[in-house]
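Based on the hints, put chain P in the right spot on chain Z.
Take a look at the letters that make up each chain.
There are 2 protein chains.
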Amino acid sequence: MADISISAIDRIMRKAGAERVSEEGATTLREVLETLALDISREAIALAKHAGRKTVNAEDIKLASRKLLALTKLGV
Amino acid sequence: MADISISAIDRIMRKAGAERVSEEGATTLREVLETLALDISREAIALAKHAGRKTVNAEDIKLASRKLLALTKLGV
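Sequences listed follow chains Z and P, in order. For the first sequence, the residue numbers in the working numbering are 1 to 76. For the second sequence, the residue numbers in the working numbering are 101 to 176.
Looking at chain Z on its own, in the form it has when it is part of the complex (with noise of 0.2 Å):
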């Protein structure tokens, strides 16, 4: 893990209005996001093979997102 770094989480939590963040609480959406980023490229990878391609476009990680989030707020 540790892909995505704790400056990005950090400035994204002060963006949604954070005064102070514990460095386990920078560290657990770290997490979490990075686990949802594997799941959502893991269905979008077998949506580009089904589709008999190799490269991953952008409409792969929408439908992605969309079953595995439900999430149609998400605007994508």
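In case anyone wonders, no lab produced these hints; they're calculated from the structure. A couple of the hints might just be wrong.
Stated by the list, open to error - A few chain Z residues that face chain P, going by a derived Cβ cut-off under 8 Å, partial list only:
#1 ASP3
#2 ALA8
#3 ALA16
#4 ALA18
#5 VAL21
#6 ALA37
#7 SER41
#8 ALA51
#9 LYS54
#10 ILE61
#11 LYS67
Stated by the list, open to error - If you anchor each label on the Cβ, the simulated ranges turn out as follows:
#12 P:ARG114 to Z:ILE6: 19 to 25 Å
#13 P:LYS149 to Z:ASP10: 17 to 23 Å
#14 Z:GLU23 to P:ALA146: 17 to 23 Å
#15 P:ILE106 to Z:ARG14: 16 to 22 Å
#16 Z:ARG66 to P:THR155: 33 to 39 Å
#17 Z:HIS50 to P:ARG114: 17 to 23 Å
#18 P:ARG120 to Z:ALA2: 21 to 27 Å
#19 P:ALA151 to Z:HIS50: 44 to 50 Å
#20 Z:LYS15 to P:THR127: 17 to 23 Å
#21 Z:THR55 to P:HIS150: 43 to 49 Å
#22 Z:LYS67 to P:GLU124: 16 to 22 Å
#23 Z:HIS50 to P:LYS149: 42 to 48 Å
#24 P:ALA102 to Z:LEU63: 50 to 56 Å
Unchecked claim - Pairs of lysine-lysine residues, derived as DSS-like cross-links and limited to a Cα-Cα distance of at most 30 Å, are as follows:
#25 P:LYS115 to P:LYS167
#26 P:LYS167 to P:LYS149
#27 P:LYS154 to Z:LYS67
#28 P:LYS149 to Z:LYS15
#29 P:LYS115 to Z:LYS49
From the three backbone atoms N, C-alpha and C, an ideal C-beta is built for every residue, glycine too.
Frame of chain Z, contents of chain P only:
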């Protein structure tokens, strides 16, 4: 947006098994993750405030993630 680096997204997608990823595929996954990160952060901040704290901690992030994602499989 654009807080998470594209190189981080690329690393995660390769770990998931991707051979090739379009530029739009990577930027779309970044958007999905940043949107989720903002939503989880806002919820976590509200939970910290509710508990009388200014510091967002790991438990706030875990509770917020469970609430927003309903993904017990995340193991957080």
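Inset, instruction - Mind listing which of the numbered hints don't hold for this structure, in increasing order? - result: Those not satisfied are hints 8, 11, 24, 27.
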